[in-house]
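Student: Chains as they are written, first to last, in numbering that gives the first Met the number 0: chain E, 0 to 591; chain X, 0 to 591.
To be clear, the hints were calculated from the coordinates, so they are not data collected in a lab. A couple of the hints might just be wrong.
Remember, identical chains collapse to one label, so a pair may be satisfied in a single copy or spanning two.
[What the hints assert, rightly or not] Pairs of lysine-lysine residues, derived as BS3-like cross-links and limited to a Cα-Cα distance of at most 30 Å, are as follows:
1) K545 to K576
2) K502 to K383
3) K330 to K502
4) K179 to K279
5) K555 to K576
6) K138 to K83
7) K47 to K4
8) K4 to K334
9) K457 to K334
10) K334 to K179
11) K83 to K273
12) K76 to K4
13) K374 to K457
14) K4 to K330
15) K576 to K330
16) K330 to K457
17) K79 to K47
18) K273 to K138
19) K555 to K502
20) K179 to K330
Given the structure is predicted, the values throughout are model-derived calculations rather than measurements.
2 protein chains.
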Amino acid sequence: MPLYKAPLRDMRFVLDEVFNANEFWQSNPAMSHVDLDTVSAILEEMAKFSENVLLPINRSGDEEGCTFNNGVVTTPKGFKEAFKQYAEGGWIGLGADEEFGGQAMPKMVTVLTDEMLFATNPSFTLYPLLTIGAGMAMKEHAGEELNNRYLPKMYSGEWAGTMCLTEPHSGTDLGIIRTKAEPQADGSYLISGTKIFITGGEHDLCENHVHLVLAKLPDAPAGSRGISLFLVPKFLVNEDGSLGARNPVAAGSIEHKMGIKGSATCVMNFDAAKGYLVGKVNEGLAAMFVMMNYERLSMGIQGLGASEAAYQNAAAYARDRLQGRSATGVKMPEKNADSILVHPDVRRMLLKIRANNEAGRAFAIYAAQQLDLNKYSEDPAVRKAAADRVALLTPVVKAYLTDKGLENCIEGQQVLGGHGFIREWGLEQWVRDTRISQIYEGTNGVQAHDLMGRKVAKNDGVFVASYLAEIRAFNATLAGDASLDFMRVALAQAADEIEAATKWVVEQARINPDEINAAAVDYMHAFGLLSFAYMWAKLAKAAAGKNEAFYSDKLKLAKFFVTRQLPELTSRLASIKAGADSVMQFDMDYFA
Amino acid sequence: MPLYKAPLRDMRFVLDEVFNANEFWQSNPAMSHVDLDTVSAILEEMAKFSENVLLPINRSGDEEGCTFNNGVVTTPKGFKEAFKQYAEGGWIGLGADEEFGGQAMPKMVTVLTDEMLFATNPSFTLYPLLTIGAGMAMKEHAGEELNNRYLPKMYSGEWAGTMCLTEPHSGTDLGIIRTKAEPQADGSYLISGTKIFITGGEHDLCENHVHLVLAKLPDAPAGSRGISLFLVPKFLVNEDGSLGARNPVAAGSIEHKMGIKGSATCVMNFDAAKGYLVGKVNEGLAAMFVMMNYERLSMGIQGLGASEAAYQNAAAYARDRLQGRSATGVKMPEKNADSILVHPDVRRMLLKIRANNEAGRAFAIYAAQQLDLNKYSEDPAVRKAAADRVALLTPVVKAYLTDKGLENCIEGQQVLGGHGFIREWGLEQWVRDTRISQIYEGTNGVQAHDLMGRKVAKNDGVFVASYLAEIRAFNATLAGDASLDFMRVALAQAADEIEAATKWVVEQARINPDEINAAAVDYMHAFGLLSFAYMWAKLAKAAAGKNEAFYSDKLKLAKFFVTRQLPELTSRLASIKAGADSVMQFDMDYFA
Numbered sequence: 000m001p002l003y004k005a006p007l008r009d010m011r012f013v014l015d016e017v018f019n020a021n022e023f024w025q026s027n028p029a030m031s032h033v034d035l036d037t038v039s040a041i042l043e044e045m046a047k048f049s050e051n052v053l054l055p056i057n058r059s060g061d062e063e064g065c066t067f068n069n070g071v072v073t074t075p076k077g078f079k080e081a082f083k084q085y086a087e088g089g090w091i092g093l094g095a096d097e098e099f100g101g102q103a104m105p106k107m108v109t110v111l112t113d114e115m116l117f118a119t120n121p122s123f124t125l126y127p128l129l130t131i132g133a134g135m136a137m138k139e140h141a142g143e144e145l146n147n148r149y150l151p152k153m154y155s156g157e158w159a160g161t162m163c164l165t166e167p168h169s170g171t172d173l174g175i176i177r178t179k180a181e182p183q184a185d186g187s188y189l190i191s192g193t194k195i196f197i198t199g200g201e202h203d204l205c206e207n208h209v210h211l212v213l214a215k216l217p218d219a220p221a222g223s224r225g226i227s228l229f230l231v232p233k234f235l236v237n238e239d240g241s242l243g244a245r246n247p248v249a250a251g252s253i254e255h256k257m258g259i260k261g262s263a264t265c266v267m268n269f270d271a272a273k274g275y276l277v278g279k280v281n282e283g284l285a286a287m288f289v290m291m292n293y294e295r296l297s298m299g300i301q302g303l304g305a306s307e308a309a310y311q312n313a314a315a316y317a318r319d320r321l322q323g324r325s326a327t328g329v330k331m332p333e334k335n336a337d338s339i340l341v342h343p344d345v346r347r348m349l350l351k352i353r354a355n356n357e358a359g360r361a362f363a364i365y366a367a368q369q370l371d372l373n374k375y376s377e378d379p380a381v382r383k384a385a386a387d388r389v390a391l392l393t394p395v396v397k398a399y400l401t402d403k404g405l406e407n408c409i410e411g412q413q414v415l416g417g418h419g420f421i422r423e424w425g426l427e428q429w430v431r432d433t434r435i436s437q438i439y440e441g442t443n444g445v446q447a448h449d450l451m452g453r454k455v456a457k458n459d460g461v462f463v464a465s466y467l468a469e470i471r472a473f474n475a476t477l478a479g480d481a482s483l484d485f486m487r488v489a490l491a492q493a494a495d496e497i498e499a500a501t502k503w504v505v506e507q508a509r510i511n512p513d514e515i516n517a518a519a520v521d522y523m524h525a526f527g528l529l530s531f532a533y534m535w536a537k538l539a540k541a542a543a544g545k546n547e548a549f550y551s552d553k554l555k556l557a558k559f560f561v562t563r564q565l566p567e568l569t570s571r572l573a574s575i576k577a578g579a580d581s582v583m584q585f586d587m588d589y590f591a
Numbered sequence: 000m001p002l003y004k005a006p007l008r009d010m011r012f013v014l015d016e017v018f019n020a021n022e023f024w025q026s027n028p029a030m031s032h033v034d035l036d037t038v039s040a041i042l043e044e045m046a047k048f049s050e051n052v053l054l055p056i057n058r059s060g061d062e063e064g065c066t067f068n069n070g071v072v073t074t075p076k077g078f079k080e081a082f083k084q085y086a087e088g089g090w091i092g093l094g095a096d097e098e099f100g101g102q103a104m105p106k107m108v109t110v111l112t113d114e115m116l117f118a119t120n121p122s123f124t125l126y127p128l129l130t131i132g133a134g135m136a137m138k139e140h141a142g143e144e145l146n147n148r149y150l151p152k153m154y155s156g157e158w159a160g161t162m163c164l165t166e167p168h169s170g171t172d173l174g175i176i177r178t179k180a181e182p183q184a185d186g187s188y189l190i191s192g193t194k195i196f197i198t199g200g201e202h203d204l205c206e207n208h209v210h211l212v213l214a215k216l217p218d219a220p221a222g223s224r225g226i227s228l229f230l231v232p233k234f235l236v237n238e239d240g241s242l243g244a245r246n247p248v249a250a251g252s253i254e255h256k257m258g259i260k261g262s263a264t265c266v267m268n269f270d271a272a273k274g275y276l277v278g279k280v281n282e283g284l285a286a287m288f289v290m291m292n293y294e295r296l297s298m299g300i301q302g303l304g305a306s307e308a309a310y311q312n313a314a315a316y317a318r319d320r321l322q323g324r325s326a327t328g329v330k331m332p333e334k335n336a337d338s339i340l341v342h343p344d345v346r347r348m349l350l351k352i353r354a355n356n357e358a359g360r361a362f363a364i365y366a367a368q369q370l371d372l373n374k375y376s377e378d379p380a381v382r383k384a385a386a387d388r389v390a391l392l393t394p395v396v397k398a399y400l401t402d403k404g405l406e407n408c409i410e411g412q413q414v415l416g417g418h419g420f421i422r423e424w425g426l427e428q429w430v431r432d433t434r435i436s437q438i439y440e441g442t443n444g445v446q447a448h449d450l451m452g453r454k455v456a457k458n459d460g461v462f463v464a465s466y467l468a469e470i471r472a473f474n475a476t477l478a479g480d481a482s483l484d485f486m487r488v489a490l491a492q493a494a495d496e497i498e499a500a501t502k503w504v505v506e507q508a509r510i511n512p513d514e515i516n517a518a519a520v521d522y523m524h525a526f527g528l529l530s531f532a533y534m535w536a537k538l539a540k541a542a543a544g545k546n547e548a549f550y551s552d553k554l555k556l557a558k559f560f561v562t563r564q565l566p567e568l569t570s571r572l573a574s575i576k577a578g579a580d581s582v583m584q585f586d587m588d589y590f591a
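Hey, can you work out the whole structure from these sequences and the hints?
Tutor: Quick look at the structure:
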């Protein structure tokens, strides 16, 4: 039976000792309702809920899956009860505004509760996650009337949100969607079309569904400038908030997938269903991106949560499993073999996962802090700088944390040997469940392209330059502490290498626009490594000079990261230099 | 529906133009019954069988799985008929000696037929594979009487072989097995114990099962020097070859696994079952290693076959899928979007898989040629040199080809975006089925340890030195052809880097034996990259100066490999330099 204990001490270390969160919150009037004690209590509550309620139904949910019958989706046993408890605990609105029933907790807190949720039951977690994301897009774009009518019911868990973008012929390229919106005399629209891969498009956890749907007006311009966003409820909502007639929108089927089998992935058919415009006509993509950016960050947390679960289960197995003897002499003479923890390669696998997890958690909190600054700061310049930083980092959090997430789950599975392949041990489910995080909400290739193109090359590297300046300024504060020299030198070199590579790609792209996409994935990985090195510098600095093993181990793990993982950065940047020609010189027919 | 066409032209290119196979066979009396025309016909037949018979039952076999009922294992629909056809075609004994009903085809041929089998139905392929491996160990160690009685029935497909090593508490560490063998007055033994993870331990394809079982005699020395090998049939065999009484050996259950669900993985209970000694008392491990080394090479081919299937399906999807427009201008003005093949990153993914596959296939044939030299050469010095080379390369073929196999299946799945996660597209099954190849027959960590320890450090790098000398001698033949300069320079540098790293690890290990295992996995990957570079040099040389696109594309792909994949070698070797201290400085309790 897979195990999980929320890493509360590590979480508090990052919040309190690395990011000095209490002072950050207390010094900002819009966040002064938040303090470390309250947050600690919240984290402890979520630890209990995820460990005791969600983990026990994770594997059974995978074995049972969702079932589809005549348009009705039934979630696995226990999901309904868990969802009720989750909703009653007020968790759906944890980060939402108080006026709609939320608890107004900053993102720095919800990334940690999300990590616990994803570490114990990703299929379950996707249901409220879509509601929260839909709520965010609505709050910014749907207007008072729709929001007052819908948001409180969504945060209470009575109604659930969805994100309806993809169509059978149109995934990444939303400019070619075919779903139509016919304007009606009463100001509403009739939506017709088919959407696929709709997470939680239909299920039995809530009494109503609130679909956010991309569609085109009859006279809309071609491409992505002609897309509008609509709110389409499953049941129409009466003036008094009660449920009215059934709207003609229904699930046609659910997908049979590799993983996240407890999450219903639906084909949704809209057959002249009544919808309400969200935001402005033809500006639907921008409104949807509020939700999409939230989901992208969340997918990164999915990778992180899975990876933490993989670490804990692999470490537990390694401690107990006795095979072979240490190369430096018997360590457990009373047993007929030593624990496999005596073998350096078993430790290498575990430490690699752990080094990624600790940096990944800090990186998620760092990105969350930028989101909080953007939302709550009183200084417009700070808000703008934070928005730019979030724009730069969102694709990295999404793609790098999910790429590492799968890699770590596979590594964790490997620690178990043959048992890793057997279902009851749970590791293989983590691999299958985590695989989707690299694909949905924009594949990691699309994320890398967004980073290299829109976030780096399009503004001539200005966002990167400001990030590098911050990294170097921080790195300068490490000088003088000899115990941090290894970190300072490595981080300085990584920053220099990224700077040079950025310059090279931006220049090449002026000659050949294909250079952007040719460099994208290797650049994203190099950028992720730099960011993890930056986080390890922060973690190491916070731990330096403190005596307890908890702190000195942080420095050891920082060194492990620098000497064993960071060297990959150099080869990633070398691969970039191959340029677009290395792939474009083949004829189309070559791939026949 | 997943597709597959055997890459016959590429296979013949490697055999004929790269390895000059016809001359190799014809010039050696023991192989002179083999010629390229016969081999081509064999490959074409296997292409038909794998494409038309095995592929259609691959996904249904995964969906249905094996079922277990009261000790009886039922394979998925169609497996029985396919196996009958496979056996009647004489495929089981394709590489076996003629005196036992085999066709005496060299390994250079069977690695190619195995690739097709694994590319279309790995679950099915495992059944005969175990029979073939058991036959090889028996032929060398079981003696005339047992072999005459058993081998012809195994090669005809009437009886099936298994390999019974692992026990619940004892996987990698076979020295601590508990299965006992009690000597009987008639020279036989009574075998008692439980074995787990037994592929094909019980199934309905054959009328009898022939288990090769590791067990300990009552007075056996402790550890791996006290292990003997026994042949234990499910049904005893009468003097006339007919089946006699049921032996008390039975499957207790089958495992529920991540993949290869059509292959029955059994718990086998031996309850004083009659067994016959194979080889000498207490030398069972050496006899079993004949089988194990064969299976290890075969697992590498599993990775390769899966990877070829992943390439073909991903390329087909990419050709048809229209999303977005080329960054350098619209390429398909008649469509509302371009094929995703216009995006450099999609090509990067496909080319990476293909560059690995073409080098991997050449590497498998290279290793197979060494096996053939070892078996068939008249010159004892040649046989010895080939045996040493096989010893060095077996762990690399197993681990590197399976690591690349999974990586390539995941990359292929990524090309399909959301569809890659959906079962009906097949890619997700390839990921699940291929994952086991990194685990069974000794995890890839164990393979890397075998390479770094027994094959490299233990003999002070002599095997590596001779491999490097061969590589450098070959590389010298590239000089003078300017079109091959990029290849020659890159290969020379890779050889130098491996030489330096080998020297470094061997020296460090003299001070601290833990350095072997700490370096192992990174070294294995670096070694795999060097070997692939060597193969690309061979492929490039064979293609140079030939005009057809087939050949000029080989040079382009060689360059892709050199510029985009080979740089990883440098970072792998940098990681090695972190040394054992990077992982051993943590207390055991750190992993609590």
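Student: If any of the earlier hints don't hold here, list their numbers in rising order.
Tutor: Violated: none.
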